[in-house]
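Engineer: Given next are the chains, with one letter for each unit.
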Amino acid sequence: MYTRKNQRDLTRTEKRRLVDAILKLKSSGRYDDFVVMHREYYVMDTENRPRPAHMTSSFFPWHRRYLLEFERALQAVDPGVSVPYWDWTRDRSTTSSLWAEDFLGGNGRPGDRRVTTGPFAFDAGNWKVGAGVTDQNWLTRNFGRPGNNPVSLPTADDVARALKDPVYDTEPWNSISTEGFRNRIEGWGIHRVRTVGNHNQVHQWVGGPMAGAASPEDPVFWLHHSFIDLLWDRWQKAHPKSAYLPGRKPAAPGRDRDYVFGLDDPMPPWNVTPRKLLDHSKVYRYA
Amino acid sequence: MSRTTDPGGAPRGARGPSRRIVLRTAFTAAVAGGTAVILLPLRDHGPGTAPAPAKGPGHPAAGTEEFAEMYRGREIRGSVTVLVPAGGPGAAEGGAAEPVTEIRIDGRPLHVMRRADGTYLSDVTHYESFPTLRETARAAVDELGTARLALPASHHR
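Residue numbers (the UniProt record's numbering), protein chains in the order written: chain X, 1 to 287; chain E, 1 to 157.
Rather than coming from a laboratory, the hints here were simulated on the basis of the structure.
Quick list of simulated restraints, FRET-style, between CB atoms:
no., chain 1, residue 1, chain 2, residue 2, range
1, E, LEU151, X, SER281, 42 to 50 Å
2, E, LEU151, X, THR94, 30 to 38 Å
3, X, GLU69, E, MET70, 41 to 49 Å
4, E, PRO152, X, GLY29, 20 to 28 Å
5, X, ASP264, E, MET70, 50 to 58 Å
Just so you have them, the derived chain X footprint on chain E, three or more residues with Cβ under 8 Å:
no., stretch
6, 112-118
7, 123-130
8, 134-147
A few chain X positions that, by computed beta-carbon distances, are all more than 12 Å from chain E:
no., residue
9, ALA124
10, ALA160
11, PRO166
Just so you know, even glycine gets a beta-carbon here, dropped at the ideal spot from N, CA and C.
Make the full structure from the sequences, and use the hints.
Structural biologist: Given below as structure tokens:
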């Protein structure tokens with residue numbers, strides 16, 4: 001049993017140990033395996049195959065397990081570390097301590113948007129990106145993407161509205177489910193219905209790899225998803241009588257249900273069901 | 001911009017082999033399955049052309065679009081080609097119509113995917129989608145900044 005802290009409460013030493021463990025995973029090649037895995041399971045809701053990770057009910061349990069795997073890899077390097085969370089409803093400044101020299105480094109510089117501060121700056125020598133989207137090897141960020149089509153971080157009100165929904169997820173269990181906590185937090189914009197929100201909006205706000213298919217290339221990915229995981233806890237506490245949906249597979253499932261993971265459907269690549277991931281209280285807790 | 005000297009770029013106006021293979025494969029599969037198929041040629045419908053709205057969850061209608069333009073100094077082009085059963089677009093209900101999408105930025109292919117509401121997203125903007133390929137390509141240019149797309153050879157998946 002260990003604790004995941006708010007990143008703003010980490011001590012200098014805790015930050016250094018986390019950064020060191022991440023850099024060790026990177027140099028061993030393990031880190032990039034996680035980037036590839038995320039990409040591999042990012043299946044669209046128009047594809048005729050199972051989609052465990054995005055545009056789907058199991059968005060929360062799949063990412064919970066994914067984070068646990070990453071955390072185990074970190075802890076194999078340093079048993080004292082865990083994945084902290086970034087509460088972007090509170091830490092909204094581009095100069096918050098999250099983005100400081102001693103932690104994740106800051107925004108990209110004007111022009112080429114290259115991150116030039118902190119341990120993940122290319123010139124520091126330990127962090128190369130480029131899992132196939134662009135031909136650049138340096139980490140980029142573009143906070144709020146000023147210009148044409150700027151984006152802000154979601155607010156506490158945005159999150160509160162999602163948490164208020166008593167239903168976990170609704171048909172068709174994909175990116176166009178208009179009701180339900182899951183897609184309100186996953187945050188798919190729905191053509192002619194609503195714009196991008198919460199989880200997706202934060203990916204957009206950071207920019208660079210975080211906005212694209214190789215989003216875990218920016219280590220802030222893990223702190224963002226730790227907070228998403230915490231929001232699932234908060235929703236469960238707010239609605240103790242509400243269950244994960246969909247439940248058991250009907251005898252004659254419709255097309256919408258075919259590629260979705262119900263409560264007892266084992267998810268790849270770990271062959272673990274959402275049911276097994278509903279309660280993490282024996283493994284870690286949030287502070 | 002030096003797109004004419006880009007070693008990774010396809011010749012201007014050239015089509016990559018992958019698109020032809022995809023089309024041929026889809027055509028062969030449909031014929032083998034006993035379904036007559038018409039390859040619909042699609043022409044430029046101008047800016048702002050949106051695909052037909054989705055008919056319902058899981059049965060997105062196929063869009064029609066083709067464009068080429070300079071956007072913020074980058075050459076973007078894209079097309080959607082749709083295979084439709086001989087009964088016409090109305091007979092496509094049930095997912096028989098499979099749009100084949102292609103976007104290139106300075107000659108390099110951008111991986112494009114489609115969502116259940118009929119909108120498109122790309123490898124560069126993976127958490128938001130757009131009604132048209134043109135908007136998808138422009139958003140990718142905005143997000144790329146000064147970066148170029150990776151060459152297809154280094155593309156995972």
